[in-house]
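Q: Mind docking chain B on chain A? Use the hints.
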Amino acid sequence: NAGVTQTPKFQVLKTGQSMTLQCAQDMNHNSMYWYRQDPGMGLRLIYYSASEGTTDKGEVPNGYNVSRLNKREFSLRLESAAPSQTSVYFCASLGGQANEKLFFGSGTQLSVL
Amino acid sequence: GNSVTQMEGPVTLSEEAFLTINCTYTATGYPSLFWYVQYPGEGLQLLLKATKADDKGSNKGFEATYRKETTSFHLEKGSVQVSDSAVYFCALSIYNQGGKLIFGQGTELSVKP
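So the protein lines, in turn, are chains A and B.
Be aware that the first sequence starts at 1, since it is given in the numbering used here, and climbs by one per residue.
Be aware that the second sequence starts at 1001, since it is given in the numbering used here, and climbs by one per residue.
Next comes chain A alone, as it looks inside the complex (with noise of 0.2 Å):
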């Protein structure tokens, strides 16, 4: 049971250039998220996706598409990466006994130079 699968882990990108993060989770969770983490700000929504087929913007999603390409995987795309997009994302999905826990994966720190 691996839980919440993040790829890359690192991920070095010039201003432009384009790139997709990966999620997948084997809880046969329903929704799934795509948060970053800044200094002193915490962690903020970019988008999440509440069932298989539909996505919504979060707090800060400006720059960013995803997809919910099926039940167990989310992804995150950049288009054209800028340096304010250096950050970790982390992906997440919501489960738990009354549906309020949510499972991150391990992270993608990213780097926009």
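These aren't lab readings, by the way, just hints derived from the structure by calculation.
We put the CB at the ideal spot given by N, CA and C, even for glycine.
If a hint is listed, it holds; no wrong ones were tucked in.
With beta-carbon atoms standing in for the labels, derived distance ranges:
#	chain 1	residue 1	chain 2	residue 2	range
1	A	Asn70	B	Glu1108	31 to 39 Å
2	A	Gly40	B	Gly1029	20 to 28 Å
3	A	Gly16	B	Glu1042	25 to 33 Å
4	A	Ala82	B	Asp1054	45 to 53 Å
5	A	Glu52	B	Thr1028	25 to 33 Å
6	A	Pro39	B	Ser1003	16 to 24 Å
7	A	Glu52	B	Glu1015	41 to 49 Å
8	A	Ser111	B	Glu1076	35 to 43 Å
9	A	Asp38	B	Thr1071	24 to 32 Å
A: Below, chain B without anything else, positioned relative to chain A:
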């Protein structure tokens, strides 16, 4: 709007010292409250939660009580260990808002032997 405010870190304690990390919130609905912990190089993990006023969440010696009158959810531990060194995040979620969590900025705890 909804928000979470935590005391600023870093907090540095000696082993066996008493820990308090303050957390206050603002919410328009009836939130559930959480503490998540992030160990170095890892994603966040749920530490404890409380879903209604006067509930006490507890886990691994940590406790927090949901105080509606003071809109607070302070984290406490009677005797910290070196292994408790981590970043602690207070968070809230509002019922019927898709499980989205709003996080505080995080408080880094360092415990010295």
